[in-house]
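Spelled out, the chains give:
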Amino acid sequence: MTSTMASAPPGAWARFFDGDVWHSFRSSPVAIAAAAIALVCVFCAVFAGVIAPHNPFDLATLELSDSMLPPAWMAGGRWTYVLGTDEQGRDVLSALMYGARISLLIGGASVLVSTVVGVGLGLVSGYAGGAVDAFIMRVCDVMLSFPSILIALLIAGVGRALFPQAHDSLAFGVLILAIALPGWVQYARTVRGSTLVERNKEYVQAARVVGVPTLRIMRRHVLPNVLGPVLVLATIHLAVAIQTEATLSFLGVGVSPTSPSLGTFINEGNKQLFSGAWWLVIFPGSMLLLIALSMNLFGDWLRDALNPRLR
Amino acid sequence: MTAVPTNEGTRTVRPLLQVRHLRVEFESRRGKLVALDDVSFDIAPGEILGVVGESGAGKSLTGSAIIGLLDPPGRITAGEIVFDGRRIDNLPFEEMRRVRGRQIGAIFQDPLTSLNPLYTVGRQLTETILAHLPVNPQQARARAIRLLQETGIPAAQARIDQYPHQFSGGMRQRVVIALALAAEPRLIVADEPTTALDVSIQAQIIALLKRLCRDHGAAVMLVTHDMGVIAETCDRVAVMYAGRIVEIGPVQSVIHHPSHPYTAGLMGSIPSMDTDRERLLQIDGAMPRLNAIPSGCAFHPRCPKAFERCLTERPDLMSAGPTRAACWLTSATARAGT
Amino acid sequence: MSAVPPVEPPLVRVFDLAKTFDVSAPWLARVIERRPVQHVHAVDGVSFSITRGKTLALVGESGCGKSTVARLLVGLLRATRGRVEFDGIDAAVTLRSASALALRRRMQMIFQDPYASLNPRWTVADIVGEPIREHHLVSPEPDGSNRSVRLATRERVEELLRSVGLAATDALKFPHQFSGGQRQRISIARALATQPEFLVCDEPTSALDVSVQAQVLNIMKDLQRTRGLTYLFISHNLAVVRHVSDQVGVMYLGRLVELADKGELFARPRHPYTRMLLDAIPDIGMSGRARTPVQGEVPNPLSPPGGCAFHPRCPHANERCRQQRPALLALPGGAVACHAVEEGRL
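Taken in sequence, the protein lines are chains D, H and Z. According to our numbering, the first sequence is numbered sequentially starting from 5. According to our numbering, the second sequence is numbered sequentially starting from 18. According to our numbering, the third sequence is numbered sequentially starting from 2.
Treat the hints with care, as some may be off.
Computed list of lysine to aspartate or glutamate pairs in EDC-like fashion (alpha-carbon distance at most 16 Å, straight line) [to be verified]:
{"id": "1", "chain 1": "Z", "residue 1": "Lys55", "chain 2": "Z", "residue 2": "Glu298"}
{"id": "2", "chain 1": "Z", "residue 1": "Lys222", "chain 2": "H", "residue 2": "Glu64"}
{"id": "3", "chain 1": "Z", "residue 1": "Lys55", "chain 2": "Z", "residue 2": "Glu156"}
{"id": "4", "chain 1": "Z", "residue 1": "Lys222", "chain 2": "H", "residue 2": "Asp127"}
{"id": "5", "chain 1": "D", "residue 1": "Lys205", "chain 2": "Z", "residue 2": "Asp247"}
{"id": "6", "chain 1": "Z", "residue 1": "Lys55", "chain 2": "H", "residue 2": "Glu295"}
{"id": "7", "chain 1": "H", "residue 1": "Lys227", "chain 2": "H", "residue 2": "Glu330"}
{"id": "8", "chain 1": "Z", "residue 1": "Lys55", "chain 2": "Z", "residue 2": "Glu343"}
{"id": "9", "chain 1": "Z", "residue 1": "Lys263", "chain 2": "H", "residue 2": "Glu295"}
{"id": "10", "chain 1": "H", "residue 1": "Lys227", "chain 2": "H", "residue 2": "Asp252"}
{"id": "11", "chain 1": "H", "residue 1": "Lys322", "chain 2": "H", "residue 2": "Glu295"}
{"id": "12", "chain 1": "Z", "residue 1": "Lys55", "chain 2": "Z", "residue 2": "Glu34"}
{"id": "13", "chain 1": "Z", "residue 1": "Lys263", "chain 2": "H", "residue 2": "Asp293"}
{"id": "14", "chain 1": "Z", "residue 1": "Lys263", "chain 2": "H", "residue 2": "Asp291"}
The hints are simulated quantities; they were obtained by calculation from the structure and are not laboratory data.
With the hints as constraints, model all of the structure from the sequences given.
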């Protein structure tokens with residue numbers, strides 16, 4: 005009863021590495037550099053607990069006598085604190101890694117929420133059409149007429165007012181929501197456009213003629229074909245989300261001071277600027293810049309690489 | 018008028034267009050792809066030559082190469098194109114632009130994108146006329162109106178100031194033909210001019226093209242996949258396969274007495290209006306992709322009559338009665354004296 | 002509608018089928034700019050029947066509504082008016098009921114564009130296997146394991162691929178690895194997966210090269226013979242229609258103007274539009290013959306001519322043609338919707 009089934013053709017990984025996208029990556033130094041930097045930052049953030057030289061949040065290890073030390077290569081600096089310390093004696097380098105972790109966590113979660121909501125609504129809007137489509141698109145239009153920072157501030161402020169004694173996890177949730185809410189709109193619009201195109205294609209019509217239920221068509225036929233641009237959007241949106249979180253934290257409505265992010269550090273460092281401790285602002289700021297820039301560049305390259313015209 | 022030996026024997030007039038051993042290659046990251054391989058043919062003044070072939074045969078590419086509109090990374094790597102005694106394939110851009118507008122006109126497939134939607138039809142016509150002919154604007158406009166009338170557009174005086182979107186598909190194609198003829202070219206390259214049109218309009222357009230080109234003394238290179246259009250319009254036809262010409266000759270001979278097995282297969286697979294067959298003749302397999310062109314004769318894997326020589330040696334166009342075919346069979350029969 | 006009454010009821014019967022599309026501007030624009038509500042009568046009262054095992058071809062130029070008829074028949078569009086009967090069952094009612102799936106099994110569709118009719122991200126095995134899975138056509142082995150269902154489905158898929166001239170190894174490839182003709186064969190394999198009785202083919206070979214078209218048409222004819230399939234074949238190519246059909250219907254601006262057996266239609270076309278169409282086709286066998294020049298173009302479907310839709314282009318039009326729409330009249334050998342024919346002027 006067994007038929008002689010053919011040996012599997014090259015698996016997905018083999019096909020990927022033979023494809024045009026990987027080739028384009030290899031031949032683009034910018035993309036490789038951006039990807040490398042982003043990977044290093046993510047690695048540091050994930051393994052901060054292991055590789056950071058100090059734990060800046062363990063109050064027991066802090067020594068006030070070591071506060072306000074400049075970076076190691078300057079006069080008065082020490083190599084145990086490579087990038088200097090702040091007014092509480094916290095090591096800047098370690099703080100960067102822990103801060104990056106918070107920033108990436110919040111940024112990543114926001115993008116995830118945005119993507120799920122945006123893709124879902126875009127898919128429904130594009131496939132259903134009619135009144136549903138019109139309604140969702142009007143909601144998008146309304147949301148786009150507000151600057152995203154304003155919306156984020158609004159939600160963060162309201163959240164704070166409602167739950168003044170909230171502990172970290174709730175604050176995180178509110179913050180993630182605040183960043184995700186303005187963000188889902190562009191996913192919805194992009195996916196809606198692609199869905200409109202794919203819905204009229206004959207393979208979708210063939211599935212309808214076969215009798216496949218609508219939800220299954222949307223999930224198994226349309227969704228895989230509209231995700232391409234979403235990947236590009238998500239990469240660039242990650243950079244934006246991290247910057248938004250940093251802005252909110254800088255303004256004081258972001259994360260609580262007990263789990264500071266890069267934005268919090270920039271904020272605190274800003275206050276110390278006039279005392280000449282430039283390293284408290286420059287290093288967190290540069291880290292933020294590096295993460296955002298590398299994500300942006302990678303997203304840029306990805307958009308070109310996935311361009312169907314070049315395939 | 019000198020007697021010049023051409024591909025088809027001696028003629029008493031110089032051929033308008035001579036393509037000699039043209040080779041077009043594309044650089045891709047998987048290597049060099051040969052899209053046109055040693056293509057040679059002539060077009061006499063006022064003649065209508067059809068270039069027919071299936072997708073990927075290279076017929077559109079031949080047209081593009083002649084007009085000088087090859088898209089990079091494609092480029093001509095060998096051979097020459099001689100127009101009216103002058104080489105045009107290696108001209109600098111400015112020179113080629115002058116030749117292209119004045120001596121060679123072009124008609125493309127999609128009338129929607131051939132015309133600039135932002136300019137009136139009259140402006141596009143007069144612009145072309147003024148660019149290439151020594152006339153003043155009033156004369157150019159009168160000429161444009163006359164051209165529109167010739168192409169059968171009613172109320173040309175009024176419609177000359179309308180925009181392309183105000184014309185229907187068939188009308189637009191007529192405007193495109195008028196535009197191609199505006200500078201009185203000697204050669205028109207038409208790439209699938211009727212494919213995007215309805216059947217009843219197709220007949221009108223090809224009749225128009227034929228008549229106007231006769232009236233204006235322009236030769237036509239008609240590129241299409243539709244054999245019926247070729248049968249109605251052309252004097253001679255060249256059949257292309259995998260970047261090569263496999264048969265060339267007078268239209269009726271190629272259609273009714275093809276020498277090359279591919280041409281025979283092609284004719285047999287076209288359902289015709291006047292014959293009733295149970296099964297259409299089919300050529301198994303498909304045209305080879307550019308990166309997998311067989312050695313020797315490119316058609317041999319699909320040919321019912323292939324023999325050993327076909328696998329190793331590539332045949333050139335050889336005389337086979339009224340046509341010329343790139344097939345070892347013809348030389349065998351010729352040698353056998355049949 | 003042939004001269005000899007059929008021995009059994011036709012498999013497919015269509016009565017006064019119509020579909021109107023609302024192509025008005027969006028509500029806001031209409032209100033502000035005072036634009037009228039606009040409708041396109043894509044299909045305007047079409048009736049025909051198809052005998053089991055035979056092929057009816059619908060032919061016409063762009064905008065005649067033949068593709069819309071195809072979509073109405075398989076339930077992709079909902080009719081504005083009229084009835085479609087499949088084996089005596091009212092198709093529209095059934096497709097909205099619980100037995101929709103059972104009806105869908107019996108009729109399937111093949112589309113025109115070989116590049117858009119297969120999901121580019123699915124393997125051929127998934128594509129051809131989807132109808133089998135959807136309709137649970139493979140019963141599990143006594144041990145009820147998933148694995149046996151998967152294996153059995155795969156075997157059916159390979160068998161279907163072989164029946165259209167492809168190899169079993171093709172099941173694991175993706176659509177982009179195939180040529181246009183091969184993709185169309187995959188579409189045919191998918192359509193046959195549920196062992197349907199009726200296939201609607203919407204210009205299945207129009208996008209293919211001539212030699213590939215010959216392959217696909219031959220396969221379709223073979224399959225019809227071996228499986229007793231009934232086809233509705235949509236095309237604009239009269240030569241292809243002549244090759245595949247038993248009966249031919251000519252459509253113009255949403256209406257059926259002539260319906261006849263193939264031999265009759267091509268030998269003795271009656272409607273002026275049919276004659277014009279047959280005359281106009283560039284054909285390799287009949288080049289150089291004298292022709293009546295074709296006049297005019299297909300009018301804008303948003304504002305079709307009153308009375309007989311063809312009258313502006315018809316050399317035989319009279320006052321009645323301008324006012325009154327002709328009904329499809331049954332005549333010996335076929336049916337024609339033309340006043341001139343009815344009045345004996347033609």
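Please write out, lowest number first, the hints stated earlier that are contradicted by the structure. Result: hints 1, 2, 3, 4, 5, 7, 8, 11 and 12 break, sorted rising.
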